[in-house]
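Q: Listed below, chain by chain, are the residues.
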Amino acid sequence: MAGGPQSPPPDAPLPEVTLESVPPVIPEVLPPSGLLALISKSRGNALLLTGPMDSGKTAIFSRLAYTHSLPTLTSLQTNSSTISLSPSKNVRVVDVPGHPRIRGQCTEHLGDAKVLAFVVDSNTISRNGAAVAEHLHTILHSLTSLPPSQTPPQLLILCNKADMLGKNSTGSSTSTLAINRVRTILERELEKRRVSTAGGVAVEGLGEDEGDGGEGTDGNAPFRFEEWEGGEVVFLGTSAKPVEGGDEKKDGDEKSEAEDGGLAELKDWLEENM
Amino acid sequence: MLDLCSISHKGGIVLWSRSFTPDAAQLASSSASPVNSLIREALIEGRTADEKYEKDGYAVKWTFVNDLELIFVVAYQRILQLTYVDDLLAALKTLFIKYFEPFLAAFVASLHALNSAKAAASQATTWDFAKAFEGWDTIFDKVLRGFEEKAALERKSRLRAPVRAAVEELSTPPSDDQSTEPSVNPDTSQDEQQIARNVQALKNRLRGRGGRRGGRGGRVVDSSSGRESHPGSDSEATPKKKSKAKAQRKWGDQAPTESEMATLDFSMDKPNDAHGKLDLQALVDQSSLGTRTGDGMYEVKDWEFGADKDANDAIANALKPLDSSKPKSTIGSLFARLTGSKVLTQEDLKPVLDAMKQHLMKKNVAMDIAEKVCEGVGETLVGQKVGGFQTTNAAVKLALSNSLTRILTPKTSTDLLLSIKSKRSSALSSTQQRMPYSITFVGVNGVGKSTNLSKVCFWLIQNGLRVLIAACDTFRSGAVEQLRVHVRNLSMLGVNGAGDSKGRVELFERGYGKDAAGIAKEAIHYGRDNDFDVVLIDTAGRMQDNEPLMRALAKLVAINSPDKIIFVGEALVGNEAVDQLTKFDRALKDFSSASGAGKGRGIDGMLVTKWDTVDDKVGAALSMTYVTGQPIIFVGCGQTYTDLRQLRVANVVQAILSD
Chain A
0 MAGGPQSPPP DAPLPEVTLE SVPPVIPEVL PPSGLLALIS KSRGNALLLT GPMDSGKTAI
60 FSRLAYTHSL PTLTSLQTNS STISLSPSKN VRVVDVPGHP RIRGQCTEHL GDAKVLAFVV
120 DSNTISRNGA AVAEHLHTIL HSLTSLPPSQ TPPQLLILCN KADMLGKNST GSSTSTLAIN
180 RVRTILEREL EKRRVSTAGG VAVEGLGEDE GDGGEGTDGN APFRFEEWEG GEVVFLGTSA
240 KPVEGGDEKK DGDEKSEAED GGLAELKDWL EENM
Chain B
0 MLDLCSISHK GGIVLWSRSF TPDAAQLASS SASPVNSLIR EALIEGRTAD EKYEKDGYAV
60 KWTFVNDLEL IFVVAYQRIL QLTYVDDLLA ALKTLFIKYF EPFLAAFVAS LHALNSAKAA
120 ASQATTWDFA KAFEGWDTIF DKVLRGFEEK AALERKSRLR APVRAAVEEL STPPSDDQST
180 EPSVNPDTSQ DEQQIARNVQ ALKNRLRGRG GRRGGRGGRV VDSSSGRESH PGSDSEATPK
240 KKSKAKAQRK WGDQAPTESE MATLDFSMDK PNDAHGKLDL QALVDQSSLG TRTGDGMYEV
300 KDWEFGADKD ANDAIANALK PLDSSKPKST IGSLFARLTG SKVLTQEDLK PVLDAMKQHL
360 MKKNVAMDIA EKVCEGVGET LVGQKVGGFQ TTNAAVKLAL SNSLTRILTP KTSTDLLLSI
420 KSKRSSALSS TQQRMPYSIT FVGVNGVGKS TNLSKVCFWL IQNGLRVLIA ACDTFRSGAV
480 EQLRVHVRNL SMLGVNGAGD SKGRVELFER GYGKDAAGIA KEAIHYGRDN DFDVVLIDTA
540 GRMQDNEPLM RALAKLVAIN SPDKIIFVGE ALVGNEAVDQ LTKFDRALKD FSSASGAGKG
600 RGIDGMLVTK WDTVDDKVGA ALSMTYVTGQ PIIFVGCGQT YTDLRQLRVA NVVQAILSD
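These protein sequence lines are chains A and B, in that order. At position 72 of the first sequence the residue is numbered 71 (numbering that gives the first Met the number 0), and the sequence of numbers has no breaks. At position 519 of the second sequence the residue is numbered 518 (numbering that gives the first Met the number 0), and the sequence of numbers has no breaks.
The hints are simulated quantities; they were obtained by calculation from the structure and are not laboratory data. Among the hints, a few may not be true.
Label pairs and their computed distance ranges (CB to CB) [stated by the list, open to error]: (1) L84/A / N401/B: 29 to 35 Å; (2) M273/A / N529/B: 46 to 52 Å; (3) Q104/A / R144/B: 40 to 46 Å; (4) E226/A / S560/B: 48 to 54 Å; (5) D530/B / M273/A: 51 to 57 Å; (6) K51/B / T123/A: 25 to 31 Å; (7) E226/A / L656/B: 52 to 58 Å; (8) H524/B / G110/A: 50 to 56 Å; (9) S85/A / Q653/B: 53 to 59 Å; (10) L397/B / T123/A: 30 to 36 Å; (11) D578/B / N179/A: 49 to 55 Å; (12) E346/B / G110/A: 37 to 43 Å; (13) S30/B / N179/A: 22 to 28 Å.
Each residue gets a CB set at the ideal place from its N, CA and C atoms; glycine is no exception.
Take these sequences, add in the hints, and give me the full structure.
A: Shown next as structure tokens:
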């Protein structure tokens, strides 16, 4: 009895299995230059999904990682998975919880991120724009304050749930509608934040020197994403739900993805840019 | 009787869920689902120590499986007194893990991919969740029905003994569950035929069991002897014969699923599927698991034999691995630690957590809070594997610091300036006048409300805002004079900085003995008419137990509905912090809603004063944020107007954890 229960565990828990299985697999994927090469190579190839709660980060994640849109709840911890965009390209996707109390985990993964996707719910943005903008502000700030040795990840703003927006609008496609809406609201809210901090005296942090800067827009120019100093900001409309009208089946939808729905746009973009 | 039951991963992906009413179904798919609020308001904030969470008329109970990172949640109407929910959760947990462990492990591993090398592996397996959890619905139905019938029986009959025995049978498995889990894996090596046979046998047995349970409701239960006879007869009969008879009688409606499952078993082309089925058997009877771990391998025959053992045997067997693991622990655990496969148990954690609790209390964290926080930390750690040379101590410390960070991190914006400015610049209709932003300071006597109000006032003036101070402390002699002095000082300081001809700060006073609520109202109107940006309302200090005074305060809040209610508390406070805050919050909510101003208003934030007097014993900050869930907006740390600081969470966590 004594030895019995103990001996099975080594092969039972999966984490160990994966750890052990790593070294043999490396040569297939990367040139056999050892583990150091792996580490340096794996730096900065991740897609980081962040954004406020209920914006659909985990849904996008599950679509990318499992090709299913699984039902989701508020996340308690970070998910991380590897997806292959094309046969030769593997990308790590990290899904950081959006709850205000734990969204700080995002900064831990910034170093590995090549693309930082800020996921926004296009439907509720008009109601909670201020809160979303505050979150985005902290992210913009953490991007601009990265050490110069590090290339900051590309910022991507995903206007999620675009499908729910366009039910009644026929003119433009739903994703452009979502993008315009999100961009306008976020710019307005960020501008408000900029104005309120500009020239203001912030209360010092306890025991730390002042680290909070403005958004870096000099003078009185209102905040615009095009002029943001941290680089180009890309907007994409997405939807994690299977496309309507097409096959409702999960596998079917993968193929029959219409151009204005689903994650096709995101996938195309990722393939080009990662 | 349940409304909602769900099994999800901590990362947010729902593996399985079911709603029992249309309302619940609708709710569950929205973001207002009770499970979501449970996670947001209880789990993330570290309130895991509480037994149950209530929201919108739902009572929610949950349980964790830490090594597989699963959360099992059951929600039901709060008015129902469902006694079996805990047992149900435990049973679901055990069964679900036993049936689907390999799949779950693979799933969890796929959520922790660390580098691209893993990609090949995760890509290779196709993720068919529907198929993987096929069959779980039937099992769930069976388990639930069993519990509901038992509960009904318990209510009706006064024969408690047999019922309790039955409940025990089902509730004990969870306890041994952790220790036996790992053993499930070896059987993946079995060949498919064996698996298929096992599956068939188990299914039969399951079916038999379900039928039996269903039948029990009708029969009058005659004490424990009746219970024992069932398993006995079970073991004697050949499974096949029995099951067939039962299937026709009891489970005729479910024949299609059974046959489906059977065909799937034999085809065996889906690895996930095989695992699921295999586990399924393993799960059904705990007894076989215990024996299996003992000799490492086992054969089909043994297996079936084990499966048919009676419940008492099962419990005994299940407990064995636990006991036997104790003696060899010195070498075994050392080895385990070296190989990084040590699983934390309640026993490992207890001494460390106790020490942590003592430590927290030394740092002036209120006792209840220290207890709850440590319990919560323990709950997230039990069953987790400690890797490499990491000691239990280090693991606990890390988890504790994470938990403290979560508790202290504000979940709402603490940017006062921004909210003031956005209120002042919000669009108004032409008839409306712009209302000033009002902030009320409340708290017990002598914590420094007026002093810190003047510091906040100084800060606001520095930001170019015009501030009106309303002297609503009409009780303590000298209160108004104190504020007058502050206003005099501030007006000199403020005007120097910015060249505004208008007074940047004014005092609004009506002397002593008047109704504070009325004065506050007048002050806000005065502020509106004279274009002040902010009205700071100073209230009289009061003890939280003094109901008439608390009612008066609630009236002030209800009448004026200030934009922020800031509780001022001193950092010196220990256990009292909990009492103060809960009672202030409660009184404000209860009394202000009673007076008809819509739903009650609670405290919006805290200001912790006398911070400079406590060195690193900053536990009060933790106690306060834990109790209310609201952020600490400012910290007062000195005698001058500039001694106002914002809290840095990392600093506080560090101070609390430092020795």
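Q: Confirm or reject each hint.
A: Going down the list of hints, with the structure as the test:
no. : hint                        : result
1   : L84/A / N401/B: 29 to 35 Å  : holds, 33 Å
2   : M273/A / N529/B: 46 to 52 Å : violated, 58 Å
3   : Q104/A / R144/B: 40 to 46 Å : holds, 41 Å
4   : E226/A / S560/B: 48 to 54 Å : violated, 40 Å
5   : D530/B / M273/A: 51 to 57 Å : holds, 54 Å
6   : K51/B / T123/A: 25 to 31 Å  : holds, 30 Å
7   : E226/A / L656/B: 52 to 58 Å : violated, 43 Å
8   : H524/B / G110/A: 50 to 56 Å : holds, 54 Å
9   : S85/A / Q653/B: 53 to 59 Å  : violated, 45 Å
10  : L397/B / T123/A: 30 to 36 Å : holds, 35 Å
11  : D578/B / N179/A: 49 to 55 Å : holds, 52 Å
12  : E346/B / G110/A: 37 to 43 Å : holds, 38 Å
13  : S30/B / N179/A: 22 to 28 Å  : holds, 24 Å
In the structure shown, a violation is registered for the earlier hints numbered 2, 4, 7 and 9, in ascending order.
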